[in-house]
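J.: Here's the letter readout for the chains.
Number of protein chains: 2
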Amino acid sequence: MKKIITSVCLLLAAIALSAQVKEDFKPATSNQSNRQYPMVNSQRIVRAQVRATDAKSVKLDIGGVKYDLTNDGNGVWTGDSAPQDEGFHYYQIEIDGASVPDPGSLYYYGSSRWGSGIEVPAADDDFYTLKNVPQGEVHERYYYSSVTGSMHHCYIYTPAEYSANTDKKYPVLYLYHGGGEDEHSWAQQGRTGIIMDNLIAAGKAVPFIVVMDNSSDTYGPNRPRPEMPAFGGPRPQGAPGQGRPQGGPGAMMGGFDFASAYQEILEKDLIPMVEANFRVIGDAQHRAMAGLSMGGMLTHSIALNNPTLFAWLGIMSGGVFSVEEVAQAKGFRETNKLVFISFGSRELENRVMGYSDPKPINEELGKSGMNTVFYVSPDTAHEWQSWRRALYQFAQRLFK
Amino acid sequence: MKKIITSVCLLLAAIALSAQVKEDFKPATSNQSNRQYPMVNSQRIVRAQVRATDAKSVKLDIGGVKYDLTNDGNGVWTGDSAPQDEGFHYYQIEIDGASVPDPGSLYYYGSSRWGSGIEVPAADDDFYTLKNVPQGEVHERYYYSSVTGSMHHCYIYTPAEYSANTDKKYPVLYLYHGGGEDEHSWAQQGRTGIIMDNLIAAGKAVPFIVVMDNSSDTYGPNRPRPEMPAFGGPRPQGAPGQGRPQGGPGAMMGGFDFASAYQEILEKDLIPMVEANFRVIGDAQHRAMAGLSMGGMLTHSIALNNPTLFAWLGIMSGGVFSVEEVAQAKGFRETNKLVFISFGSRELENRVMGYSDPKPINEELGKSGMNTVFYVSPDTAHEWQSWRRALYQFAQRLFK
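Protein chains in written order, with our numbering: chain R, 361 to 760; chain Z, 361 to 760.
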């Protein structure tokens, strides 16, 4: 009986503790300048506040859950979320049924919309924090695609030493976003420039160039959009991990071969533009491709479609290679220097039945003689903290 | 009597015509991809549409006026503005008293907030339309300021030929935003890169570099923010034009000398960073400064504080030089190659009593032997179309 009472007391104490919100909230670093809200506390609870004098209902919509905000009587609505994972999250505010960006946050492209995002502080956020180290640049550039007959938009990172060492040529990583994202994603919420500058300054990565393009921009006057549902719709964060994507090379997504559609632009327009305008070593041994989720599947497909184009491959949260696929892709094994596979730990825990477990597939690849690395981001899901950490790990292993 | 009836009929017909909205609305080019609303028609009327199923009131807030939207009964609210000026405008949506960004638009920094913006088509929009011409780049760069002890953020445009002509050095324009704006403003809504690429491709401008910095970022660990109201609050678009700003060199804005505060960063940190990292001709004859509104006053003050720093000056919508000021600034007359002054025509029409008329001041400057240009943007106010056109005019006259 005493044991039961103790257990009940412990349980009640745990419930009380879990309900206790620590009042150590600070404005999120992702806020607009001089905006106090949204805030985050040390429990990683997000507190939103919005002024809506005549509203009946205001909600914070984050991580797939809508949290009610409370009116203070003067039309200022405030409320808290449950604790969030470390790192970056998309969110919105719902005001009387309208889903709108929070006027307090900066805006990011993801889930097929420009909208609010929030940084939840992480124990390991040092690697993506802006510091006074030698600074590279992120170049914004438009280029003409002969395949689509239209102008495309991309970002290109060059390391700090690039402008001074005008005789030196550099290796290049082509780095891809997920579904419902675009070329802005790695450049902004991915923090690619900051991660690279910090890695290079610490001597952990060799200096290289990173190209961030929009792999969903595949139509134009020269290639009209087919009349079918387009791939690239909203993909909720925190969705169950996809151990192994459906489909091999040239996978049909929504009935359309999105990888081949983009591969033509990559080979005919993007790579030639990069190699004509930047000091690049233009061979497979100095060329890497990586991507997250849909970008991982893109990397998977393009690497198998053209096995001698990239020697270094990064597959983040979707797109794992099998031994059979590699065996069938002529020249892949001889060309490849690294297959890097990564997932958020929650993606592996929550793996949907029917998807294969990526870890044994990767181990099999390793046993077959490939240089493989399998990285798991602790306590994160299908979200940006997993992919920032994956880039941090992957970049240290490239071109060495 | 017949005459009176005719007059009344003509009047009624005119009212009916003016109320007639042409149904030739098209999605704004400033929309997020695949968003139909907001739209603009050939009368330059903006039509907004927002889904807010439980709202009591939804308004379109543009140009200082709030327009009621109407519920279709299913929670989809739609409504029109009065005709707007050609060009770019900041706007917001008001939902039951909450002022929020429109979920349909792209977002821009101005009026001291990231929020909605809309492009109203202009008869002359060709000069700022993206085309398949040789493309320059806009470089995003962080730099350390020894003055503030913090990292600053800027954009730097380089022309298309810059990466190929690795032995050539280029002149530089330092180009400044207005109050409540920052380094993003010229790079995004100002369309600096596109305007420059088009001008250079047409042979109308010599290739030069453009630096877009944030002149309001003047505090940090090494220079704490003084306890006084900071300058740079919201500045409504379409406000009465300011013919001649109050105050000369080192004007005190809100009790603080904002020009001197920034000048120290410009001279000690920004110009040295630019000249160390870009191939720049580092003398006054190849260095220009220009700015709009608060940026015009900044240009005015810094040019008089250090008259031998910039040979080419652009003053847009505020900051006109007088003959007396120039006479007192040692070396100004000998160094200067051009004083370019511009306004929107509505700024001159609506000049607030008490401000001096800029035109005679400029003419006096010209008669005193200075090379001056006075440009008036037709049918525009204190807004971005005036400043895009001013850049287009100014850039053609630089470094020649």
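It should be emphasised that the hints constitute simulated quantities derived from the structure, not laboratory data. Check before you lean on any hint, since a few could be wrong.
What follows is a set of in silico ranges between Cβ atoms, one per label pair, in the way DEER data are often shown [claimed, not checked]:
1. Z/GLY433 x R/LYS491: 53 to 59 Å
2. R/VAL683 x Z/ALA562: 36 to 42 Å
3. R/ARG411 x Z/ASN731: 36 to 42 Å
4. R/ASN731 x Z/THR526: 33 to 39 Å
Covered by chain R, per the in silico footprint, the following chain Z stretches (three or more residues, Cβ under 8 Å) [as the list claims (entries may be wrong)]:
5. 380-388
6. 446-456
7. 496-505
8. 717-723
9. 729-736
Glycine included, C-beta positions come from ideal geometry on N, C-alpha and C.
J.: Starting from the hint list further up, note which numbers the structure goes against and sort them upward.
T.: The structure breaks hints 2, 3, 5, 8 and 9; every other hint is satisfied.
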